[in-house]
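Q: One-letter residues, chain by chain:
Number of protein chains: 2
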Amino acid sequence: MHHAQSIARLITELGKLPGVGPKTAQRLTYHLLNSPRENSLALSKAIREAVDKVTYCSVCSNFTDIDPCFICRDEKRDKSIICVVEEPGDIVAIEKTREYKGHYHVLQGIISPIDGIGPEQLKVKELLARITHQPKDNLEVIIALGSSVEGEATSMYLAKILRPLGIKVTRIAHGLPVGGALEYADEVTLAKAFEGRIELF
Amino acid sequence: MHHAQSIARLITELGKLPGVGPKTAQRLTYHLLNSPRENSLALSKAIREAVDKVTYCSVCSNFTDIDPCFICRDEKRDKSIICVVEEPGDIVAIEKTREYKGHYHVLQGIISPIDGIGPEQLKVKELLARITHQPKDNLEVIIALGSSVEGEATSMYLAKILRPLGIKVTRIAHGLPVGGALEYADEVTLAKAFEGRIELF
Numbered sequence: 001m002h003h004a005q006s007i008a009r010l011i012t013e014l015g016k017l018p019g020v021g022p023k024t025a026q027r028l029t030y031h032l033l034n035s036p037r038e039n040s041l042a043l044s045k046a047i048r049e050a051v052d053k054v055t056y057c058s059v060c061s062n063f064t065d066i067d068p069c070f071i072c073r074d075e076k077r078d079k080s081i082i083c084v085v086e087e088p089g090d091i092v093a094i095e096k097t098r099e100y101k102g103h104y105h106v107l108q109g110i111i112s113p114i115d116g117i118g119p120e121q122l123k124v125k126e127l128l129a130r131i132t133h134q135p136k137d138n139l140e141v142i143i144a145l146g147s148s149v150e151g152e153a154t155s156m157y158l159a160k161i162l163r164p165l166g167i168k169v170t171r172i173a174h175g176l177p178v179g180g181a182l183e184y185a186d187e188v189t190l191a192k193a194f195e196g197r198i199e200l201f
Numbered sequence: 001m002h003h004a005q006s007i008a009r010l011i012t013e014l015g016k017l018p019g020v021g022p023k024t025a026q027r028l029t030y031h032l033l034n035s036p037r038e039n040s041l042a043l044s045k046a047i048r049e050a051v052d053k054v055t056y057c058s059v060c061s062n063f064t065d066i067d068p069c070f071i072c073r074d075e076k077r078d079k080s081i082i083c084v085v086e087e088p089g090d091i092v093a094i095e096k097t098r099e100y101k102g103h104y105h106v107l108q109g110i111i112s113p114i115d116g117i118g119p120e121q122l123k124v125k126e127l128l129a130r131i132t133h134q135p136k137d138n139l140e141v142i143i144a145l146g147s148s149v150e151g152e153a154t155s156m157y158l159a160k161i162l163r164p165l166g167i168k169v170t171r172i173a174h175g176l177p178v179g180g181a182l183e184y185a186d187e188v189t190l191a192k193a194f195e196g197r198i199e200l201f
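Same order as they appear, the protein sequences are chains A and B.
Per the UniProt record's numbering, residue 1 is the first one in the first sequence, and the count goes up by one each step.
Per the UniProt record's numbering, residue 1 is the first one in the second sequence, and the count goes up by one each step.
Check each hint, because a few of them may be wrong.
With beta-carbon atoms standing in for the labels, derived distance ranges [to be verified]:
hint, chain 1, residue 1, chain 2, residue 2, range
1, A, His-174, B, Pro-18, 34 to 44 Å
2, B, Ser-58, A, Gly-179, 56 to 66 Å
3, B, Lys-76, A, Lys-53, 44 to 54 Å
4, B, Pro-18, A, Asn-138, 47 to 57 Å
5, B, Thr-97, A, Glu-120, 22 to 32 Å
6, B, Ile-114, A, Thr-189, 33 to 43 Å
7, B, Ala-191, A, Ile-172, 53 to 63 Å
8, A, Pro-36, B, Gln-134, 26 to 36 Å
9, B, Phe-70, A, Glu-187, 53 to 63 Å
10, A, Pro-36, B, Ser-58, 19 to 29 Å
11, B, Asp-52, A, Lys-53, 15 to 25 Å
12, A, Lys-53, B, Pro-18, 20 to 30 Å
None of these hints come from the bench; they were simulated from the model.
Being a predicted model, the structure only gives us computed values, none of them experimental.
Just so you know, even glycine gets a beta-carbon here, dropped at the ideal spot from N, CA and C.
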C-alpha cells in the first residue's frame, strides 16, 4: 500500500478507463489533486450529470439528454433518408462532413456471433418500427458500417429484411481513401475500389 | 454542435486531462455512458472524495487523507533518514523497491528560474522546520532528484543550506541503469557513472 486510501481509490477508478494503465491513472490522479479544486470537481459533476441525464433517443437510439434527440427533432432534415451506423461516435464523424442532411439510426453494435451478438441485441426492431410509420416508396436506408466481416454480414442482413418492404437500401462506398497512394493501398481496399468503380461523364 | 449538451460538457472536462485529446475524450465519454451506471458514478465519487479529503501532510508535504500521512505516522521507519523528492509519485517509485525504510520530504517541485520557481515556492522551509525538531548529529538527508540542470541546481542549493547545520547530505547515484548496455548509454550518464565509481572489495 503506497497510497492514501482515497488516492488509491481514484487511481483504481481511473485505471478502469480504456487505454489508461496504472501509471497513467496515477499521473491523472496527481493532476486532479494538483489542479484547482473547482476544475476537478467540474469533471466529477460532468460525469454524474451525463450519467444521470443521458439516455437513448426513442427514435434513432443515439445518446441524447432530450428525447427525441436534436437530430430527430430537426424539421429541416430530410426524413426520407435514414443512415444506419454502429455507434453514436459514427454520427459525429458523419456530421463533421456537413454533407449529410438526413436522419440516423444507431444499431448499438454489429452482428458478431463470436461475441454472442445477433440482430436481437441490436436496435433492429426499433429501425423497423420507425420505418412502418413513414411512406416507404420514397425511403432510402444508407448503411454506413465498417467493412469488417461483421460489418458486411450486418449490412447483408439489413438489406435482406429491408428490401422486401420496398425500401431502397444503399451502402457507403469502400475504396481508395482521398489522398491515399495506390501503391500503398491494401489489396482488399483496392479490389473494393475496382468493384465500386463509377462511370465518368 | 454534434453532441447533446451534457455529453459535450463531459468531453470538454475529460479533454482537460493531460494527454487526453478531443478524440480520446469522446471515446472515454462514450465508454462512461455505455458502462453500468454505478461504475461511472464510482469514478465521479472517487474524484470528489479525493479532492475533498486529500490534503498535504503537515510533516512531509506528501498527499494524504489523514494528517500526518501513513509514512510519517509509521513508528517502524527510521526517523534519522529523510529522503527529499520532487513529487508524491517519486515516493511511490521508491517504496516499490522495498529497500528504503526512512522518511520522505516532498519539495512539490524543483528550482526552475525559467518558470519563476525559487526555493520560496518549494517546501524548503517545511524541511528546515522539521529538521530543527530532531537531533542533527545522526541525521542524513538523501537528495533523490532528477539529474536535469534544475535537479542538480536544487540538490546543490539544499546541500548548501543543510551542511552548515551539521547534517550529512547525500544524493542518489547517477550511472548506468541495471540491464543497460554500455554502448547505448549517453555520454552524460556514462561520465556520471565514472565519476561515481566505487571501490570493489
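Q: Taking the hints in turn, state whether each one holds.
A: The hints, checked one at a time:
1. In this structure the supplied range 34 to 44 Å holds for A/His-174 paired with B/Pro-18, their Cβ-Cβ distance being about 37 Å.
2. Between B/Ser-58 and A/Gly-179 the beta carbons are some 59 Å apart, a value that agrees with the proposed interval 56 to 66 Å.
3. A hinted range of 44 to 54 Å holds for the C-beta pair B/Lys-76 and A/Lys-53, which are about 50 Å apart.
4. For B/Pro-18 and A/Asn-138, the hinted distance range of 47 to 57 Å is satisfied, since their beta carbons lie about 51 Å from each other.
5. At about 54 Å, the beta-carbon gap between B/Thr-97 and A/Glu-120 misses the expected band of 22 to 32 Å.
6. About 49 Å separates the C-beta atoms of B/Ile-114 and A/Thr-189, a value inconsistent with the hinted range of 33 to 43 Å.
7. A beta carbon spacing of about 60 Å between B/Ala-191 and A/Ile-172 agrees with the range 53 to 63 Å that was offered as a hint.
8. Between A/Pro-36 and B/Gln-134 the Cβ separation comes to about 35 Å, which falls inside the hinted range of 26 to 36 Å.
9. Range check, B/Phe-70 to A/Glu-187: Cβ separation about 60 Å, and the 53 to 63 Å hint holds.
10. The hint said 19 to 29 Å for the Cβ distance between A/Pro-36 and B/Ser-58, and at roughly 21 Å that hint holds.
11. For the pair B/Asp-52 and A/Lys-53, the beta carbons lie near 23 Å from each other, so the given range of 15 to 25 Å is met.
12. At roughly 27 Å, the beta-carbon separation of A/Lys-53 and B/Pro-18 lies within the given 20 to 30 Å, and the hint holds.
The structure does not agree with the numbered hints 5 and 6 stated previously, though it agrees with the rest.
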